[in-house]
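Assemble the complex: chain C is given as a structure, and chain G must be docked to it using the hints.
Chains as they are written, first to last, in the working numbering: chain C, 1 to 305; chain G, 1 to 426.
Because the hints were derived from the structure by calculation, they are not lab data. Predicted model, so just to flag it, every value in this text is computed and none were measured. One or more hints might be untrue.
To be verified - Here are some chain C residues pointing at chain G (derived, C-beta under 10 Å): (1) T89; (2) A112; (3) M117; (4) G132; (5) H253.
For every residue, glycine included, the Cβ atom is placed at its ideal position computed from N, Cα and C.
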Amino acid sequence: MELRCKNLLSIGDLVPTEITHILDTAASMKEVSERDIKKVPTLRGKTVINLFFEPSTRTRTSFEIAGKRLSADVVNISASSSSVVKGETLRDTGENLQAMHPDLIVVRHSCAGAPKMLADVLPSAIINAGDGAHEHPTQALLDAFTMRERKGSLAGLKVAIIGDITHSRVARSNIFLLNMMGAQVCVSGPQTMVPRFIESLGVTFIPSIIDAVRDVDVIMMLRIQLERQSQSLFPTIREYSRFFGLNRTVLSHARPDVLVMHPGPVNRGIEMSADVMDGPKSIILEQVTNGVAVRMALMYLLIGK
Amino acid sequence: MPLLIKNGRVLDPASGTDAMLDVLIDGGKILELRKQITATGSMQVIDAAGLIVAPGLIDMHTHLREPGQEYKETIHTGARAAAAGGFTSIACMPNTSPVNDNASVTNFIMHQARTEACVNVYPVGALTMGLKGEALAEYGDMKEAGIVALSDDGKTVKSAEVMRRCLEYAKTFSLPVICHCEDADLAARGMMHEGIVSTRLGMRGIAPAAEELIVAREIALAEWVGHPVHIAHVSTSGSVRIIREAKARGVAVTAETAPHYFTLTDDAVASFDTATKVNPPLRTQQDLDAIRQGLKDGTLDVIASDHAPHSSLEKDVEFDHAAFGMIGLETSLSLTLSLVSEGVLTLMQAFEKYTVNPARILNLSKGRIQAGGDGDITIIDTQAEYVMDRGRLFSKSSNSPFIGRHLKGRAAYSIVAGSIIYPFAD
Numbered sequence: 001m002e003l004r005c006k007n008l009l010s011i012g013d014l015v016p017t018e019i020t021h022i023l024d025t026a027a028s029m030k031e032v033s034e035r036d037i038k039k040v041p042t043l044r045g046k047t048v049i050n051l052f053f054e055p056s057t058r059t060r061t062s063f064e065i066a067g068k069r070l071s072a073d074v075v076n077i078s079a080s081s082s083s084v085v086k087g088e089t090l091r092d093t094g095e096n097l098q099a100m101h102p103d104l105i106v107v108r109h110s111c112a113g114a115p116k117m118l119a120d121v122l123p124s125a126i127i128n129a130g131d132g133a134h135e136h137p138t139q140a141l142l143d144a145f146t147m148r149e150r151k152g153s154l155a156g157l158k159v160a161i162i163g164d165i166t167h168s169r170v171a172r173s174n175i176f177l178l179n180m181m182g183a184q185v186c187v188s189g190p191q192t193m194v195p196r197f198i199e200s201l202g203v204t205f206i207p208s209i210i211d212a213v214r215d216v217d218v219i220m221m222l223r224i225q226l227e228r229q230s231q232s233l234f235p236t237i238r239e240y241s242r243f244f245g246l247n248r249t250v251l252s253h254a255r256p257d258v259l260v261m262h263p264g265p266v267n268r269g270i271e272m273s274a275d276v277m278d279g280p281k282s283i284i285l286e287q288v289t290n291g292v293a294v295r296m297a298l299m300y301l302l303i304g305k
Numbered sequence: 001m002p003l004l005i006k007n008g009r010v011l012d013p014a015s016g017t018d019a020m021l022d023v024l025i026d027g028g029k030i031l032e033l034r035k036q037i038t039a040t041g042s043m044q045v046i047d048a049a050g051l052i053v054a055p056g057l058i059d060m061h062t063h064l065r066e067p068g069q070e071y072k073e074t075i076h077t078g079a080r081a082a083a084a085g086g087f088t089s090i091a092c093m094p095n096t097s098p099v100n101d102n103a104s105v106t107n108f109i110m111h112q113a114r115t116e117a118c119v120n121v122y123p124v125g126a127l128t129m130g131l132k133g134e135a136l137a138e139y140g141d142m143k144e145a146g147i148v149a150l151s152d153d154g155k156t157v158k159s160a161e162v163m164r165r166c167l168e169y170a171k172t173f174s175l176p177v178i179c180h181c182e183d184a185d186l187a188a189r190g191m192m193h194e195g196i197v198s199t200r201l202g203m204r205g206i207a208p209a210a211e212e213l214i215v216a217r218e219i220a221l222a223e224w225v226g227h228p229v230h231i232a233h234v235s236t237s238g239s240v241r242i243i244r245e246a247k248a249r250g251v252a253v254t255a256e257t258a259p260h261y262f263t264l265t266d267d268a269v270a271s272f273d274t275a276t277k278v279n280p281p282l283r284t285q286q287d288l289d290a291i292r293q294g295l296k297d298g299t300l301d302v303i304a305s306d307h308a309p310h311s312s313l314e315k316d317v318e319f320d321h322a323a324f325g326m327i328g329l330e331t332s333l334s335l336t337l338s339l340v341s342e343g344v345l346t347l348m349q350a351f352e353k354y355t356v357n358p359a360r361i362l363n364l365s366k367g368r369i370q371a372g373g374d375g376d377i378t379i380i381d382t383q384a385e386y387v388m389d390r391g392r393l394f395s396k397s398s399n400s401p402f403i404g405r406h407l408k409g410r411a412a413y414s415i416v417a418g419s420i421i422y423p424f425a426d
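So here's chain C without its partners, still in its complex pose (with noise of 0.2 Å):
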C-alpha cells in the first residue's frame, strides 16, 4: 500500500487506513533499533534535509537516527547556521537546498503553513516536522504507536489532554488524529489557554483536571512554556502547577490501568510532578523510542519506493 500524499503536512492528508499502514510499517521498523547492527539499507543513496529554523533536540535526533537507521545520508540544518539570519527568504531557501537535490526535506518552522508554503514550490517530499501552533503530525503518529502498542487499539480510546492547547501543535495533531480513529479526546487546563472553539475540533472541554482525568485510558500532558506567564496568561507558575499540574493526587482520580505521556521536553515539578514523571504509569521514554520508528516508517513510505 503506498500513501496518497508526496508530503506529510498535517494529519488531514491520511485517511485512517493509512494511518493503519504507517503504525503497522513503523512496528516492524522498531525492530531494527533492537539489533545489534542498527542500520538496513533501505534508503541507500537517498538524502534528507532536517531544515529546522526552531531549536529541537529531540525530534530533529529522532529524524536523524531515523533516517541514519535506513542508511539515508542526513544533513541538519539550524536556522542559527543557516543564511535565515542574512534574510533569505523561506522560498529562497527551500530553492537553495531543493538545487542540491534532496529526497525529503523534514521542516520544522513557528509559522504555521510554513511547510505547505515549501511543498507548494518543491518537488522534494516535505515531513512537517511542527509549524508554529498548528500541527506536528509525526508527533501524532508516534503517540498513537505508542497508545495502541499499549491498549491494542484506538478505536475507544478515551484520551485528556492537559495544559496550553491554545499554543500546542502536538494537541491539534492529535486531536485530528484520535478522532479520525475512533477514540475520544477531552481537553483540560486554564480557560486562557484552551480555544474558545476547541469544541469546534470535536473534542469536549473539562475546566477541571480531575474531572478531566477520571475515566480515561489515557493523560497527555502538555509543557507548559514558562514565558507564557508574562502574557498574563496564568498567574503564577505555583499556582499552575496546582491546579493543573499532574502529581500523585490527581492521578489517584484516574483509573488504575491509566497511562501519562507528554511529548515532552518536560518542566519536572511544573506540569508534571517527579514521582509522577518517574512512575509507572509515565511511557514517556516509550514515545521517544517510538517516535524513530514511526519516523523510520514515514520515510520509508514517502521516499523508500
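The following block gives chain G in isolation, referenced to the frame of chain C:
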C-alpha cells in the same frame, strides 16, 4: 470635442433617476440629460445600448503607496487600476512614506495626481503626526493643499483623549474623519479572525470585539464632540449592530465595508494563501450575512475597496510574516454587481454606495448626473463575463484572492470630465 452617450439606461441614485436617457458632455461638464439627443458631426458618440450609465464611481478608501513604496503602486498605476475598475474618483490614505501628515506631502500627491493620474485623486491627511496617535497634524494647512478627509488608517488612535482632540480640531476645519477601528492590544498581533478556522490552524486570532470596542468608542466620541465619524472597512456583525443603533439615535456616523467582507469568509484562509490576509480579517458567514444586511438596510453607506497593493516581497512569505491587505480597485464593481444578481441589493442601492453617499461624506461635488455637474461617468456592462486574470491587472501588484475567479459585470467606459479614460488609448 463634445461627448454624447446615447441609448443607455441612466441610473442616478442622487436624483432617483432610472430611465433611458442620452447624456451630452461638453467642456468637462454635463450639458444636457434628456431623451433622444441628436448627434452632430462634431460630437464623439458612445452607443450605450444595453449598458448602464452611472455617475462616475468613487472609491473613498485606497492606498496608492506614493510617495515611498512605488514598487507596489504609484499614483499613475493606481489611477489606471481605478479607471479600469470603473472609478473616476478615488481617495488615497495617508500611510505613505513619508506619511501625508503635512501640506508638503499633500502638495506632492496633488502634483502627481494632476500630472500622472487619469482619475480624480483626493488625498486623505493623517489625524496625527506620523500616524503615531500622539500629536495633531496640521489639518488647516493640509486642507488648503487639498485633503478631503482625515484618517490614521491602518491604525486606531490609541488614546481616546487624543482622538477626542482630533475630532474637535477636525470639526474646526469641517473635515470628515475616517476611523480604522481596531484595539491593537486586544487584536494582539492576530493573523486572522478568531474562530473555528483559526482554532484548527493554530493561528493567532483577532476577536471581533477588537473592532467593535473602537467602533463604539468612536461613535461615543463623535456624539460628544458633535462631529461626524466615518467607520472604515466594517467586518463584523457586532459593528453593524452598533452602527445601526447609533444611526437610529441620530448620531452622525457613516460606515463602509469592502467587497471581500461580503464575499469571503475565514474559510478562505485555511489554504494559508497570503492574499487572504487582510486587516480587519475575513470573518464568518454570520458576519458576512450581517454585512450584506447592513448594506441592504443602509447601515453601511459605502462600499470601498481598501485597495492595498503589496508585492511578492510582502506576500510570498510565511503567513505570519505577510503584510495585511489586498488590491480591490479592479474587482470591486464585479463583486458588488454579484450582490445585485443575488438579490441582496438593487442596482440603485449598489450605485448609491459608490456615488452619492461617498460624495456626501467627503463633501465632493461628484457622484451625480445632472446638467451643469462634472462630466464624470461610468458606463457599465452588467452582462460581461470574464475570469480575473493576473495578466490583465493594471495595478502594479497582484495580491488578490479573486485571481482566477469567474466574475460578471464590469466597466465598459470610464469618463472623467468628458474624456474617455478607459478603455485606455494605449
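Results for each hint:
1. T89: For T89 (chain C), the interface hint holds, since the closest Cβ of chain G sits about 6 Å away, which is under 10 Å.
2. A112: Status holds, d = 5 Å.
3. M117: Interface hint status for M117 (chain C): holds (6 Å vs cutoff 10 Å).
4. G132: This interface hint holds because 6 Å falls under the 10 Å limit.
5. H253: Check failed: Cβ of H253 (chain C) comes no nearer than 28 Å to chain G, outside 10 Å.
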